[in-house]
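> In case you want the letters, here they are:
There are 2 protein chains.
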Amino acid sequence: MLADAIAEAFPVVRVDSLVLEAARLMVEHRLPGLVVTDVEGSPCSVLPAADVVRCLVPSYVHEAPVLAAVLSETMADRVVDKVGSKTVGELLPARPPELAVVDHDDNLVEVAAVMARLGCPLAAVLRDGRMVGVITASRLLERVLAS
Amino acid sequence: MLADAIAEAFPVVRVDSLVLEAARLMVEHRLPGLVVTDVEGSPCSVLPAADVVRCLVPSYVHEAPVLAAVLSETMADRVVDKVGSKTVGELLPARPPELAVVDHDDNLVEVAAVMARLGCPLAAVLRDGRMVGVITASRLLERVLAS
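Going down the list, the sequences are from chains A and B.
Quick note on numbering: the first sequence equals residues 1 to 147 in the working numbering.
Quick note on numbering: the second sequence equals residues 1 to 147 in the working numbering.
Only chain A is shown next, with the shape it has when bound in the complex:
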């Protein structure tokens, strides 16, 4: 069994996509993170949903969490202010989580080894430098348990 046999479509955003678009994709697909590609479409990182949540938290709450309990502002007030024109690239941490990347003809042990080494719950599958899909850790486990 090779990687491209179990790769699946998966929501992707580019580094120049709006954070709001990323948030909507996370909500629509109920995902804890998205694959991020560069402007040419090459997968380069993962945007964790927790990082989108982080940018909606007022900075004075980060500094004094107790204020969260007493503030009158809602996070909804901040969506447009905070992420209205912000891009995914601006939100990624200085050292963004490394995305596992495998070749379409890698076997499943190779895929597992890369995921395990990076502690990454998904791997982008490339063929001729283009992403043809994603293998999630749960998809990989599914194949292993089924075989």
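Derived from the structure by calculation, the hints contain no laboratory data.
Glycine included, each C-beta is placed from N, C-alpha and C at the ideal position.
Don't take each hint at face value.
What the hints assert, rightly or not - Computed footprint of chain B on chain A; a stretch qualifies when at least three of its residues, placed anywhere within it, have a C-beta under 8 Å from a C-beta of chain B:
id, region
1, 44–56
2, 135–145
What the hints assert, rightly or not - To be clear about the criterion: a stretch of chain A counts as covered by chain B if any three or more of its residues have a C-beta under 8 Å from a C-beta of chain B, and this derived list gives those stretches:
id, region
3, 5–18
4, 123–130
We have chain A already, so just place chain B on it with the hints.
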């Protein structure tokens, strides 16, 4: 809006659950991780799916990844050997990922602040010390975008 208004059911394993059971739950619900509770049912950590994948990779592949491409062994051969009687607690790293935990009457800014601080894509919601559900980052974003 308070935490318990948006908390949802979420698959949970105990530290003494079998890894195989955890893997099956990840597959069934297509999840990148599960909430782990102690034997009394108090949420204490998160088991990432990548950690389950890791224990299926032969140790000589961890040491020399190039061997993954040429080995004849499949991961399926290893499932029973490697995780047959292993528990979730045995699999968790020495410093397991910290699970965000919130009170049922915390507001959504408080929930977001805890998730953001821990970089955790989900928060367990407690009422009187018992877990009543989980709020995922995508669920939180859904409420924020909808309001």
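> Against each hint, give a clear statement of whether it holds in the structure.
Taking the hints in turn, this is what the structure says about them:
1. 44–56: holds (count 8)
2. 135–145: Check passed, 9 qualifying residues.
3. 5–18: violated (count 0)
4. 123–130: violated (count 0)
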